[in-house]
Amino acid sequence: QGAQVAFGGNQDTSAPVEVTADSLSVNQKDGTALYTGNVIIAQGDMRLAAPRVLVVYSEAQQKIQRLEATGGVTMVSGSEAAEAERADYSPEEGVVVMSGNVLLTQGASALTSQKMTVNLESGTAQLSGRVKTVLNQDGQ
Amino acid sequence: MARAQGLYSQVIAWLKILLPLVALGLMSTLFLFSRSTDPVSELPFADNLRRTGDAISEMVSAPHFSGTTSRGDMVTVTAKRALPQVSGDVDAEEVTARLQMQDGSEINLDATRAKVKEGEQRVTMRDGVRITSSTGYELTTDVLVSGINEIDVESEGPVQGNGPLGTLNAGKMRIETVENGKDVQMLFTGGVKLVYLPQNK
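In the order they appear, the protein sequences are chains A and B. When we follow the numbering used here, the leftmost residue of the first sequence carries the number 12, and every step to the right adds one. When we follow the numbering used here, the leftmost residue of the second sequence carries the number 95, and every step to the right adds one.
Same shape as in the complex, but just chain A (with noise of 0.2 angstroms):
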């Protein structure tokens, strides 16, 4: 079953992609890219870091198709954060999706799931594989 949240305000997804990292190697064979050590991706108010983030990046369109950042990454949009093992957040379409046991805080409510797709543009995100909504009662 799935949830739909909103998640952050709707964001210009032609902003400019900033990447930083500690490091950054890029094969010569391929052109692939790959960002280690806290790397943080942030487009308007959207950051995203994780340890490690590889480019893929498509030599037809000469535009990046995707960043996948793994090893544990956290997202945060405005007021709301999420975390999961990995995201997939491709700039052109300007949709992030998180997998592996994402837990999305909003305020004092908590939903984890096995996915979450977050559209940035219009601020919503798709929670699918059981989702959990986790709600703290105040004032306990």
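A portion of the hints provided could be inaccurate.
Said to hold, decoys possible - Here are the computed distance ranges between Cβ atoms for each label pair:
{"id": "1", "chain 1": "A", "residue 1": "133", "chain 2": "B", "residue 2": "221", "range": "47 to 55 angstroms"}
{"id": "2", "chain 1": "B", "residue 1": "192", "chain 2": "A", "residue 2": "15", "range": "54 to 62 angstroms"}
{"id": "3", "chain 1": "B", "residue 1": "263", "chain 2": "A", "residue 2": "125", "range": "33 to 41 angstroms"}
{"id": "4", "chain 1": "A", "residue 1": "40", "chain 2": "B", "residue 2": "211", "range": "25 to 33 angstroms"}
{"id": "5", "chain 1": "B", "residue 1": "268", "chain 2": "A", "residue 2": "81", "range": "21 to 29 angstroms"}
As the list claims (entries may be wrong) - Which stretches of chain B does chain A cover? Using the computed rule of at least three CB atoms under 8 angstroms from a CB of chain A, they are:
{"id": "6", "stretch": "195 to 205"}
{"id": "7", "stretch": "219 to 229"}
Stated by the list, open to error - Partial selection, computed: residues in chain B whose CB lies under 7 angstroms from chain A:
{"id": "8", "residue": "153"}
{"id": "9", "residue": "154"}
{"id": "10", "residue": "278"}
{"id": "11", "residue": "279"}
{"id": "12", "residue": "281"}
{"id": "13", "residue": "287"}
{"id": "14", "residue": "288"}
{"id": "15", "residue": "289"}
The hints are simulated quantities; they were obtained by calculation from the structure and are not laboratory data. For glycine and all other residues, C-beta sits at the position ideal for the given N, C-alpha and C.
Model the placement of chain B on the given structure of chain A, informed by the hints.
Chain B in isolation, oriented as in the chain A frame:
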């Protein structure tokens, strides 16, 4: 036979003495009053050579160094001019180092000045060093050291420029073979920042 009397014979007799003396006098002026020509200073030296000092050390135009690595990559260093120094190093100008990897990819390093240390098979490039790679990276840095018989390039300072993914700057850059020795990689360290402009829709 006595000389005939008469004025004519006397004049001729005196002339026979005077004329040789006059000739002798004329001849002597040839050497005594000649211009003082000092042959050495008169020789026309090429002035422009003396000013630039090129004439002192022999200059090689369009020199060419190359080396192949154990993996089969080719490193060729060419320059417009090279001035071999006494110390065995060679100072070169307008230098291009071309790294051709056996997997087909290529990296060019250009600089206006370089010093080739033949003994250590290394070239140090400075002044406007530009790095262009077949994977679409175009970077500049101040000083870069590259091996001649192996793929081992290292920038001494920060590198900036743009790549296929956008504008990039990093604290340091190395070009080396990956551990499995098959591929060559460009390794940026010391803090990397890339700005990518999505061209969506």
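Chain A contact restraint for residue 287 (chain B) - C-beta distance below 7 angstroms = Hint on residue 287 (chain B): holds, closest Cβ of chain A at ~5 angstroms, below 7 angstroms.
Interface hint outcome for residue 279 (chain B) [beta carbon to chain A under 7 angstroms] | OK, holds: residue 279 (chain B) within 7 angstroms of chain A, min 5 angstroms.
If you look at each residue in the stretch 219 to 229 of chain B, do at least three have a Cβ nearer than 8 angstroms to any Cβ of chain A?
-> holds (count 3)
Distance restraint hint 21 to 29 angstroms, applied to the beta-carbon atoms of residue 268 (chain B) and residue 81 (chain A) = Cβ of residue 268 (chain B) to Cβ of residue 81 (chain A): about 24 angstroms, so the range 21 to 29 angstroms holds.
Please test the hint of 54 to 62 angstroms on the beta carbon pair from residue 192 (chain B) and residue 15 (chain A).
-> holds, 56 angstroms
With a cut-off of 7 angstroms, does the beta carbon of residue 281 (chain B) approach a beta carbon of chain A closely enough for the hint to hold?
-> At 5 angstroms from the nearest chain A Cβ, residue 281 (chain B) passes the 7 angstroms test, so the hint holds.
Please count how many residues of the stretch 195 to 205 of chain B have a CB within 8 angstroms of a CB from chain A and say whether that reaches 3.
-> Answer holds; 5 residues pass the 8 angstroms Cβ test.
Interface hint status, residue 289 (chain B) versus chain A (Cβ within 7 angstroms) = This hint holds: residue 289 (chain B) lies near chain A, its Cβ roughly 5 angstroms from the closest one there, short of 7 angstroms.
Can residue 153 (chain B) be said to touch chain A, with a Cβ gap under 7 angstroms?
-> Violated: closest Cβ of chain A sits about 35 angstroms from residue 153 (chain B), beyond 7 angstroms.
Is 25 to 33 angstroms right for how far apart the beta carbons of residue 40 (chain A) and residue 211 (chain B) are?
-> holds, 30 angstroms
Hinted contact residue 154 (chain B) with chain A - closest CB pair below 7 angstroms = violated, 31 angstroms
Is the hinted range of 33 to 41 angstroms satisfied by the C-beta distance from residue 263 (chain B) to residue 125 (chain A)?
-> Check passed, 38 angstroms falls within 33 to 41 angstroms.
Going through the hint list in order, the structure does not satisfy hints 8 and 9.
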